[in-house]
Each structure stands twice: as C-alpha cells, then as structure tokens.
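Enquirer: Top line first, the protein sequences correspond to chains A and B. With numbering that gives the first Met the number 0 as the guide, the letters of the first sequence map in order to residues 0 to 390. With numbering that gives the first Met the number 0 as the guide, the letters of the second sequence map in order to residues 0 to 234.
Keep in mind that the hints were calculated from the coordinates and are not lab data. Treat the hints with caution; some may be incorrect.
[What the hints assert, rightly or not] In the BS3-like style, the derived pairs of lysine-lysine whose C-alpha atoms are separated by at most 25 Å in a straight line are: (1) 33/A with 170/B; (2) 232/B with 228/A; (3) 229/B with 228/A; (4) 27/B with 3/A.
[To be verified] Residues from chain B that face chain A, not an exhaustive set, calculated with beta carbons under 10 Å: (5) 19; (6) 25; (7) 33; (8) 38; (9) 101; (10) 105; (11) 219; (12) 220; (13) 223; (14) 224; (15) 234.
Note that this is a predicted model, so its numbers are computed, not measured. Ideal Cβ positions, reconstructed from N, Cα and C, are used throughout, including at glycine.
Given next are the chains, with one letter for each unit.
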Amino acid sequence: MLKKCSCCLYDTNHPFGLSIYDECCSGCITHKEKYSIDWSQKQEELLQIVNDVKKKKRKYDCVVPVVGDAEDYYVVSKVLKLGLSPLIVAVNDYFKNDIGWHNLHQLITHFDVDSVVFNPDIRVYKDLVRTSLRKFDHIMLPFLQLHTSFPVHIAKDRNIPLIIWGQHQSIEQVGKFSHYDNVEMTEWSRKEHDLFSVDTEYLIGNGAQVSERDLNYYQYPNISLLSQKGIRGIYLSNYFKWDPLKQNKSILDCGFIPQHNGSSFDIYERAGSSVYYQFHDLLKYKRVGYRKIRDHLVREIRHQRVTREEAIELELFYNQSKVDISKFFDWLGATKSGMDWFILHQLKGYEHLIGKVDENLITLPKTLKKMLISSSNPKRDFILFGKGISI
Amino acid sequence: MRVGATVLFWDGFCYQSYGWNQMRPLGKLQGVIDSLEAYQCDEISIIRPIRENDTEETFTRDISTLREINSMTPLSFGGGLRSVEQIDFLHDLPIERLIFSSAFLKQDKNLIEYTRKLFGHQAIQCLLPFSIDKQVIKVFNSEDNSYLYYDELNMDFIDKYANEIILFDTKNEGFSNCFNRHSYEHIEIDNKKIVISGGIGEESVKLAKKDNIASVLIENRVLYNEYSIKEYKNA
C-alpha cells in the first residue's frame, strides 16, 4: 500500500525504497541525525582514515571522481584541506555544454590538481545510450556505469588506496543507512542505487552492436582484487554536516558558473549538462513518477528553507516546465521521424511537456532565494570535446 | 563456526531494523543475496519481520519472490509460518531450512511434526527473539505482539524439535558488538545448537568462537562495506 511521508514529498514508491515510521519517512528521520551528531567526533574518524592513507606515501592518496558540478568543487576543497594528494577522475558523458566544460576545467586549474578525463569509444557509448533508452527509459545509465566504475579501475590500476565521493545519495534522500553506520562504497550499493539494478549485461544484445569486450571500464572491478589491494571508497557526507545548497553557494568564488534551467530552482547541481534537466528529467518523470525538482524540494524542506506547503506549490509549477528533446535526438543521430515515433509510442501522456524551454516566473521563498545568484544560459549544447578555459 | 547474515524481507523488499523498531529500506532480495554470496557468506537467514500485520496476499507474494531467487549459499526462511497450508505452499523453494518462532512458543506440535516429515529434522530452526532487562530474559511472541518470560517457555520441546536455535537480540539489533551473551549462558541448551544474531560485531564473533557457538548471523552491517564477511571470519 502506498504511504506518504507527512513531513516531505516522498512516498513509498521511491526507487530506493522508503520506510514510514510515525508518519515520517526514513529520509526525514535520518536527516534529523545531522542536528544531534557530534561532527567534530566524525571528523576525527575521517582524520584517522586520512592518516592511514598518508602513511602509505603513494604519489596520489586518493581518487576523487567528478562530473564538474558544484559539489565536486566542495569535495575537492575538503580533500585538499585534509592534506591529501588527489587524482581527479572524470568520464566524458558527451552531454556537456560550454558551461559544463568550463566548470570541469576550472575545477582542475583552480585547485591545481592532476586529472584523468576518460573519453569512452563514442560508437559503443551511443549504442549503449540507444539501448538504455529503448529498454529502460534512461539515457544516463551508460555514463553512470562508467562514472561509478572507471575511477575504481584507476584506483586499482595505480594502487591508490582511497576513493572519495561526496554525498551518499540514498542516505540523503531516503535514509537508507544512518550517518553513524559510516557506510562505504560497495558494488552492491553501486548497482542498487546508481544503476537501479541495471548492470552492463542488460545493455548488450537485443540489437545493440556492442560486445562484452567493449565494456571493460563499464564493469566494476573484481571486488576480491580491490579487497586484496586494500582499496576502499568513502562518502564525505558521513563526516560533514551535508547541506548541498549552502555548500554549493560557498564555492562560487572558485570560478564555478551556475546554470539556469527551467525545471528546477537549483542552479548548481549538474550545471553544464545538456540533458539532465531536459530529456533525462522527462524520462525520470515517466520512470519513477516525479521529476528532479521533488528531490531538490525535499532536501530544502529538510533544511527548513521551504515549507511543505510551499514545496507542493513549487513542484506543481516546475512539473509543467517544458523540455527540449530534439537536440538529444540529433546527438543520437536519429531522424526527425524517429523522434516523432518515439514521442508517439514512448512518451504518450507527456507530449505537453515537450517543446521550447520556458522562462520560469515563480517567486521563490526568501530563504531559498538568498541561496541563489544569477545564473547563465549555455551558448552551445552537446559539445563532445571541449577545453572550456584558456590558461 | 559459520558466519552468516540475517536479512529482513517483507512485501518484496529487504529492510534493516534497529532495536526491533525502526526500519530502513535496504533493497531487492536478489541483489542483497548476490553480494553476500560474493562476500563468501556461509548462510543467509531470510526473516519476514511480521507482527500481526501479515496477510495471505503478502505471504504469497513474498514466497513468489523467494521462488525466483538464485543462490549458491544455503538459505533459511521464516516469519509468519503458522499453518500447515502455508507449509504446503513452500515447495520448490531454494531454501534448506525453515525458521519457526510462534509455533515453538505455543508448542504447535502438529505443525512442527508436519514440517519435519516434509523437510526433515535438520531443516527446522527455532527463532527466539529476546530482550534482556536486568538479567530477566523475555521472548517476543510475534503472533500476539507480546513478550513472554523465558521461564514460560518449554525448552525441552524446543530442544527436541529444533535442530538449531537462533537467539535474536531484539534490543541490540542493528548496533555493533552489543549481543547479550547472558542469553546463551542462561539457556540450558548445548552451544553447538545455538545461532546468535542481533548486535553482532567483530568482538561478538570472537566471543562466539570462544564459546563454541554454531553460527553467527550478522544483520544490517554486512553491506556497509565491501567484503565485510571476510573481516568477521578473520576476527
């Protein structure tokens, strides 16, 4: 039976699962831990991990996987403050716009860190995106597979003992674990939360011209080998009081450019993507029954910058925002009739949300508005390779 | 000593429970079992944490999910097994053992005997979810949603009909190294028949080994980090 949380906007249909206890969901209950945790004690625990890693005296102490959005700036700044020597690892999703490329390269040059940017075989990548769209209504699965496995391969191949991620999404959203549990990166968590149980094997066959040998970095490394090498991955949100909007605003002086989008007020998360608030958001709506705006609003309800009533109103508004899907189909190499077929057969009931992106004209609550600044619009979408900065 | 895991499973989804009270969502059963298998877990106990809230529909749905499970690891299953009709429904399941709780508490000889004939004596485990306050042991009866005093149990009946007895510390469930050893120190049954769960940490595993306990079942924390079971095995 479907149950709704009376504190936020989530219900028990959340793709990560959700428990309701005394009318409040596991996500809201876990969020409240943030106000009772002794964070200095948590940071002591983190320092213990950091010191153990430093003792190994490797060229790089840790891998930091990034996409180039605001949270990555915050994570890298924390990693450097901890005195670690990071190797920044990014995977090209081929969906970046000019803002995305700027933000990625600005991150690397501003913090002056070594980096690896992996450009997967674009033929294989597009074939996987095509299959993922056809079978799972998802266009980011191939990227997510790479983003969550390639940095781990790098750590394994270069004997880098630690991988540092920002937030643990399932703790932040649905409170799957307590902050006290200090949950680490696992293959299980990757499949369950990042890939929604869709691993690489589901994207080959059935028409995809991709064989298993093309998929090395899409697959997670052997966990037995990782264990032998003592490689572990941690989430900073277990050690710092995580408040994405506040954190993201705090890194603006590092040269990060926020991007305006019509589907949410959040100009920091995944800024620089040509699809995240466009076709990807529409597909999310179809797949799970709500758009990204709900995740943002739930987060802000919990941080008390918006009330539940205001959030309901804002969600209704943003749920009507239109998305441009034609540029994605151009990128994919589909014909106009191919796109029309897809809309007719696969996006039935969502046609009214396809079109020119609206300017959003809603007044945000002051508490929320003060966390935002003016944002930019991209000049070019879908830039396959970009430098984004001149030195 | 075997090192295994307890997985709470209800209405098609796995959960973590803290102190027999607050539940957190975990994930799909097959995904959890796949990982535990990769971690070389010796056995997995799948328990439906039902109170009075079970329905035939939920039970049937859960059994259907269980029927689809692929596992090389020995599985045991229990939670809400209260009638002969339900036992008849458990054919073709990829499980090796059945876990009964209320049936042992109310000495339902017919049900236990019936199961014994179908599955064999070695397939029957008794689950005693207990809580200890000031050295007084109470056992939770899920059918009535109430606690019984340990002295009210017929331990001879349990010893005779159960191949193994799972002592599940409800108060310390979900927390590390808190399992209350007073439970098996007090109980008049050979430790070689005892399986412990609830509040298991590396220290609890060490002590259990020393006390010749048959098996430990780690609850929530098996998925907190990679290869967690190995750490416990080496404890």
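Enquirer: It remains to establish, for every hint, whether it holds in the given structure.
Expert: Structure-based check of each hint:
The suggested pairing of residue 33/A with residue 170/B holds, with an alpha-carbon distance near 24 Å, which does not exceed 25 Å. Using a Cα cut-off of 25 Å, the hinted pair residue 232/B and residue 228/A holds, with the two alpha carbons roughly 18 Å apart. As the CA atoms of residue 229/B and residue 228/A are separated by approximately 14 Å, the hinted pair is consistent with the 25 Å bound. Distance hint between residue 27/B and residue 3/A is fulfilled; the C-alpha atoms sit about 21 Å from each other, no more than 25 Å.
Among the interface hints, the one on residue 19/B is violated; its C-beta lies about 13 Å from the nearest C-beta in chain A, farther than the 10 Å criterion. With 10 Å as the threshold, the beta carbon of residue 25/B comes within range of chain A, its nearest partner Cβ sitting at about 7 Å, so the hint holds. Interface restraint check: residue 33/B against chain A, minimum CB-CB distance 7 Å, threshold 10 Å, status holds. Hint on residue 38/B holds. Least Cβ distance to chain A is approximately 8 Å, under the 10 Å limit.
For residue 101/B, the interface hint is violated, the least distance from its beta-carbon to any beta-carbon of chain A being 24 Å, above 10 Å. Because the smallest distance between the Cβ of residue 105/B and any Cβ of chain A comes to about 29 Å, over 10 Å, the interface hint for this residue is violated. With a least beta-carbon distance of about 8 Å to chain A, the hint placing residue 219/B at the interface is held under the 10 Å criterion. At about 7 Å, the closest approach between the beta carbon of residue 220/B and any beta carbon in chain A falls short of 10 Å, and the interface hint on this residue holds.
Hint status for residue 223/B: holds, given a least beta-carbon distance of 5 Å to chain A, under 10 Å. Satisfaction of the interface hint for residue 224/B is found here, the shortest Cβ-Cβ separation to chain A being roughly 4 Å, below the 10 Å cut-off. Interface hint at residue 234/B: violated, since its Cβ lies 16 Å from the closest Cβ of chain A, which is beyond the 10 Å cut-off.
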